[in-house]
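Q: Here the protein sequences come in this chain order: A and B.
Here our numbering is used: position 224 in the first sequence is 224, and no number is missing along the way.
Take any residue in the second sequence, note its place counting from 1, add 1000, and you have its number in our numbering.
Simulated from the structure, these hints should not be mistaken for lab results.
There may be inaccurate statements among the hints.
Here are the simulated lysine-lysine pairs, DSBU-like style, with alpha carbons at most 35 angstroms apart [to be verified]:
hint, chain 1, residue 1, chain 2, residue 2
1, A, K174, A, K154
2, A, K148, A, K174
3, A, K289, B, K1238
4, A, K289, B, K1217
5, B, K1344, A, K174
6, B, K1344, A, K154
7, B, K1217, B, K1238
8, A, K174, A, K289
9, A, K289, A, K148
10, A, K150, A, K289
11, B, K1238, B, K1291
12, A, K289, B, K1344
13, A, K154, A, K289
14, B, K1291, B, K1344
15, A, K289, B, K1291
16, B, K1217, B, K1291
17, A, K150, A, K174
18, B, K1217, B, K1344
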Amino acid sequence: MIIADILNYLLQLGTVFLLATEGSLVVQRAGLLNLGIEGFFAMAAFVAYLVQVMTGNFALSMLAAVCVAVAMNMIFTVLTVHLRLNHIVSGLAVAMFGVGLAYAFGRSLVQIPVYVQLPVLNIGGIYIDPIEILSFIIVGLLWFMMYKTKLGYKIRIVGEDPYVADMLGIDITKVRYIATLIEGALVGMAACYYILVSAGAWSEGVTAGKGWLAIVLAMMGLWDPLYAVAAVYTVVTIRDLIRLVPGIGENVFLLEAFSYIIAISLLAVVSHFEIKKRKRVSIPLALAKVYSREERARKYT
Amino acid sequence: MTRIRIRIVRRERTTRGFHLLLTVLSLIGAFLIAGVLMIFLGVNPLAFYSIFLQSSILTTWGLQITLSYLVPILLCCLSAIVSYRAALWNIGQEGQYIIGAMTALAAGAFLFPNVPPPLSYIILVLAGAAGGGVWALICGLLRIVSEINEAVTTLLMYYVALQLLNYVCRVAWRNPAFVGHPETYSLAPQYMLSFGGSLAIAIAVLVITWFLIDRTKLGLELDLLSEGFRVAQYSGVKPSRVILWSMFFSGALAGISGALYLASTSGFLQPEFSVGYGFAGIIAAWLCDLKVLYAPLASFLLAMMYSSGHALQACLHVSIDIIDAIEGLILMAVLTVHFFTRYKIVLVRQ
Chain A
1 MIIADILNYL LQLGTVFLLA TEGSLVVQRA GLLNLGIEGF FAMAAFVAYL
51 VQVMTGNFAL SMLAAVCVAV AMNMIFTVLT VHLRLNHIVS GLAVAMFGVG
101 LAYAFGRSLV QIPVYVQLPV LNIGGIYIDP IEILSFIIVG LLWFMMYKTK
151 LGYKIRIVGE DPYVADMLGI DITKVRYIAT LIEGALVGMA ACYYILVSAG
201 AWSEGVTAGK GWLAIVLAMM GLWDPLYAVA AVYTVVTIRD LIRLVPGIGE
251 NVFLLEAFSY IIAISLLAVV SHFEIKKRKR VSIPLALAKV YSREERARKY
301 T
Chain B
1001 MTRIRIRIVR RERTTRGFHL LLTVLSLIGA FLIAGVLMIF LGVNPLAFYS
1051 IFLQSSILTT WGLQITLSYL VPILLCCLSA IVSYRAALWN IGQEGQYIIG
1101 AMTALAAGAF LFPNVPPPLS YIILVLAGAA GGGVWALICG LLRIVSEINE
1151 AVTTLLMYYV ALQLLNYVCR VAWRNPAFVG HPETYSLAPQ YMLSFGGSLA
1201 IAIAVLVITW FLIDRTKLGL ELDLLSEGFR VAQYSGVKPS RVILWSMFFS
1251 GALAGISGAL YLASTSGFLQ PEFSVGYGFA GIIAAWLCDL KVLYAPLASF
1301 LLAMMYSSGH ALQACLHVSI DIIDAIEGLI LMAVLTVHFF TRYKIVLVRQ
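With the rest of the complex left out, here is chain B (with noise of 0.2 angstroms):
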């Protein structure tokens, strides 16, 4: 009698084109399925489909909106590659990104309001990077003191961050001007940046971050950690040491990401500036193969989802938390991809 058995055997080595076509049959899933949803809340799958590309790309504002999210999504995404290419587990981008702004807008708007232009950005971007590397800094060193994974503690920083954006909005900062909704003094005018502005920037921080990561020997020092703290030692490299900068990058990219956003939209703070693009980032980062040179093009997918969340709820009256759901989705189904890339299945007949 023969009996066959499925095993699992890891890939030598893959191409980057069967990555690319499983990567976009993956999407294709993740977007059948939710059109299955849509059914279930009683939307015509159809209608959603045209929608999403209608309010993200087919439309010139669309466009206009999905671009205007690309920043902070994909400073975010790189937050989120440079700490799992180290297997650091950052995933509290999004309280990284609420704590720049919020340190921004404290450089901004009260500390030094009279700085002119140029040095204001570079205080901005500083400012910005500062708050969201400590907030991650502090997670790096509860792992090296305590031995905490650093998933759970990024993550309730992210909970520490929220209810104090709530906190600066409707009391510390807030400002008497505006009557019935909680919003915080505004960034000195000087601060503001366009989005082509912010978008300058963001690529300059793309390319900084390719060239410390893809050609030092600071990326080094994070593959070899990923490879396990014995393998780091081994190699003469301090894995406590490459813990911290790395949080600290991490958390400085997520801040850069808050402190854009904040200066290219309306430059005050408000309970909804935590829209989730932290973790919108983490998806952008696996969708990426978190490879630096393709986050842009990971992240405007990314952005797409969001700029089609209103129109979904405007146009088919469905709540726009179901973005999350197909954002959650579309997680899952590139890390199947990832499972594809690194193992085959194969049947043995015994």
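Okay, chain A solo, but in the shape it has when bound (with noise of 0.2 angstroms):
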């Protein structure tokens, strides 16, 4: 029986994770590192939460911050793509006022529960609701997206050389902005879900470091829908087993801190792995440097 309770809370937890590290993978795939998850997420859960708690209904709620995610992505968006600005910095902005916006309006929905009720597939003692099993279909998805379609193909040689994109005819702009909506959605998706089915109930910091360790998944999985799902279910196994360890009492900030060292560890392990095998596996290259369209010639200055 305990061993079904602890398979449900890691489903919902990497559920959670899942979604959002799919939607940083594919815009850091468009080579924009983008930091302002953290941001959106907040401010999606927040208004998920209100949009719950002033109609009851879940489907309204999910709309609600699949919209508010892609609209505040834009903002970074606007910043980087069009103002040409350091993606890390835009991106911190984007997330201090998210955050900052998210826990200001957020703080009269402290005390106000919801209770919201999927419909669940019992197999054996784990329930399983819609979201987790859209959630592998999402990542059917992407990897059709990213490996067999034109616009999967467009959005890796964007993230692995903008030049080279630029002089085949692909518009960047545009194949960014489609990255950066697409993870809005599924960013919206994981902090509806996340707020409203997994942590249940709103309160100071529920969201904080979910949408900055997505962005570390992302990197663990090496930018691959797959092999994302591996890093997440590893990651996030390993994070919630310690609190479930007994009488654990105060000691869980220890272990808390040393399950984000083993994070930065696995991704370190990774990635070495990977610079050695670089010619196999294709990464976003460019991730995180700007593209000037104007200046293309600065590159070889």
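Got two chains here, each in a separate frame; can you build the complex from them with the hints?
A: Right under this line is the structure:
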């Protein structure tokens, strides 16, 4: 029975991180390093909670969360794609803005409970809800999009070398907009599912660090939709088995710190391994580099 | 048929006055948007502006509080400037600030509690610098060995530091004399600094930093690295060496910030010790356009934001988190200035 409980919990949290990680992966594949994800994760979670409190309709909450996440992600896209600003600092600005806004407005929601009951499929005590199934369908769709369609090819080449992409006649601005659109939608879904199903209540700092962990997980999965599943479930399992240790008390903070260190070490090992085999795995080499069309020649000076 | 197309063209040069004008305009813009946010929060924007000014500079006690926030933000700002000059993206100043304070406390409360005053301050600063420096150096090493983007690792190391802070306050160094609120043991009394003392040390650090990165070869190495690995290599500079020392230097400055703030305020750590001075420092660094000598002015503005936070919460009943949102707005506005000073938009008729 306890094992079923643990699996249920892992599946819920894994779904949150899987959706957010897949979103971050698409946008990183297009060469954008979007740290703003932390901000619009918080904003989308806040809006989802607000809509749920007001209407009680889960589908409507998810729609609102997706819209907000996409809209906030557009700030980042304008700053980095049009204004050619540094990705990291722009992302940080969006993150601070989103987190600040979400918790400033969200303070009135702290005492208000919500009750969300999704239809579930019961397989031997393990409850699977539609969003969990959807997350795996999305992984498959993204894999198909990334490797079997023209759009995926364009996203990959824009992330690997925007100069070559431009010469091939690919509209870099458009491709990057589509990538951030996909990211916004997936992160919005993740945030809505997290706050309404997994966390179940709004509290101060409830979303802290979720978005940033997703960025690391996308890197750890070598920006591949299928590898990302392994990365997400490995780290989520480590992180959350720690909490289940009996009698852990306040040592949980030390173990929590340790779980971040494990995530960083895993990333280091995976990246080190990947550098040696660069020929075989395609990676977004232009990640976090600003592309300026009018200054193409400067690349070689 | 004529079509008008928008093209973005690089400016050859800009004057300092133009830059200043744009910066002031962008700040006004950010505060106007902040006023609109206040309306959504159900607060009169005029009341917001008046309380913001009164609680930060117009009253004596407000000015005192602002100045007390100036030192940590200024040092984090210097830390950001050092790393961004080299195009290294250390955004974990907040984590290095926490670790710097923790190592300073370890030195001042447990390792050398009986050292006389002039020496004790040197130990305080060195301990903070070592702690923050090593914390950032780890990320520099990961960058060199595994090519992981240092922005991501510094950010995650901030979360590690935050959890460690919670752990030392609640378990490892918890002072049992405080019942209820988790607090650590205090620094020995000869380590405690007055506000003037911490400001003097901060100014000394500012001058040293200015000298090192604007007047010596070290600063040139930073600029070369920011032009790219190849450029640095062709100029005879080893990129990995510059990455390591500039990450250490950057982390050390943030670490000193934590140590000085600890010694000039309560002398003990508590979970609320991390309030975001590191992130404020990053914004200040962009506000002063990565120029060390303007850093105090930019940091002062960010310090004003922090000192008004509690007054806003008490008088207008808005959550203090709104300060983060306004800081995000300021950063976006300042970055936009960065665009307009480097490029201009021209309309081309075809």
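Q: With the threshold set at 35 angstroms, check whether the alpha-carbon distance from K148 (chain A) to K174 (chain A) stays at or below it.
A: Holds, because 19 angstroms separates the two Cα atoms, which is no more than 35 angstroms.
Q: Checking one constraint from the list: CA of K289 (chain A) to CA of K1217 (chain B), max 35 angstroms. Satisfied?
A: Given pair K289 (chain A), K1217 (chain B) holds - Cα atoms ~27 angstroms apart, limit 35 angstroms.
Q: For the pair supplied as a hint, K1217 (chain B) and K1238 (chain B), confirm whether the alpha-carbon distance does not exceed 35 angstroms.
A: Within the cut-off at roughly 13 angstroms; holds.
Q: Regarding the pair K174 (chain A) and K154 (chain A), is the alpha-carbon distance no greater than 35 angstroms?
A: Distance of about 10 angstroms is within 35 angstroms: holds.
Q: Would you mind confirming whether the straight-line C-alpha gap from K1291 (chain B) to K1344 (chain B) stays at or under 35 angstroms?
A: 23 angstroms, holds
Q: Take the C-alpha atoms of K289 (chain A) and K1238 (chain B), compute the straight-line distance between them, and say whether it is at most 35 angstroms.
A: OK: K289 (chain A) and K1238 (chain B) at ~22 angstroms, within 35 angstroms.
Q: Is it true that the CA of K289 (chain A) sits at most 35 angstroms from the CA of K148 (chain A)?
A: 26 angstroms, holds
Q: If you draw a straight line from the CA of K1238 (chain B) to the CA of K1291 (chain B), is it 35 angstroms or shorter?
A: Holds, at roughly 24 angstroms.
Q: Sort out whether K154 (chain A) lies within 35 angstroms of K1344 (chain B), counting only the CA atoms.
A: 29 angstroms, holds
Q: Is it true that the CA of K174 (chain A) sits at most 35 angstroms from the CA of K289 (chain A)?
A: This hinted pair holds, its Cα atoms lying about 17 angstroms apart.
Q: Has the given pair, K150 (chain A) with K174 (chain A), been kept, meaning a C-alpha gap of at most 35 angstroms?
A: 14 angstroms, holds
Q: Given the hinted pair K1217 (chain B) and K1344 (chain B), is their alpha-carbon gap at most 35 angstroms?
A: OK: K1217 (chain B) and K1344 (chain B) at ~33 angstroms, within 35 angstroms.
The structure meets every hint from the earlier list without exception.
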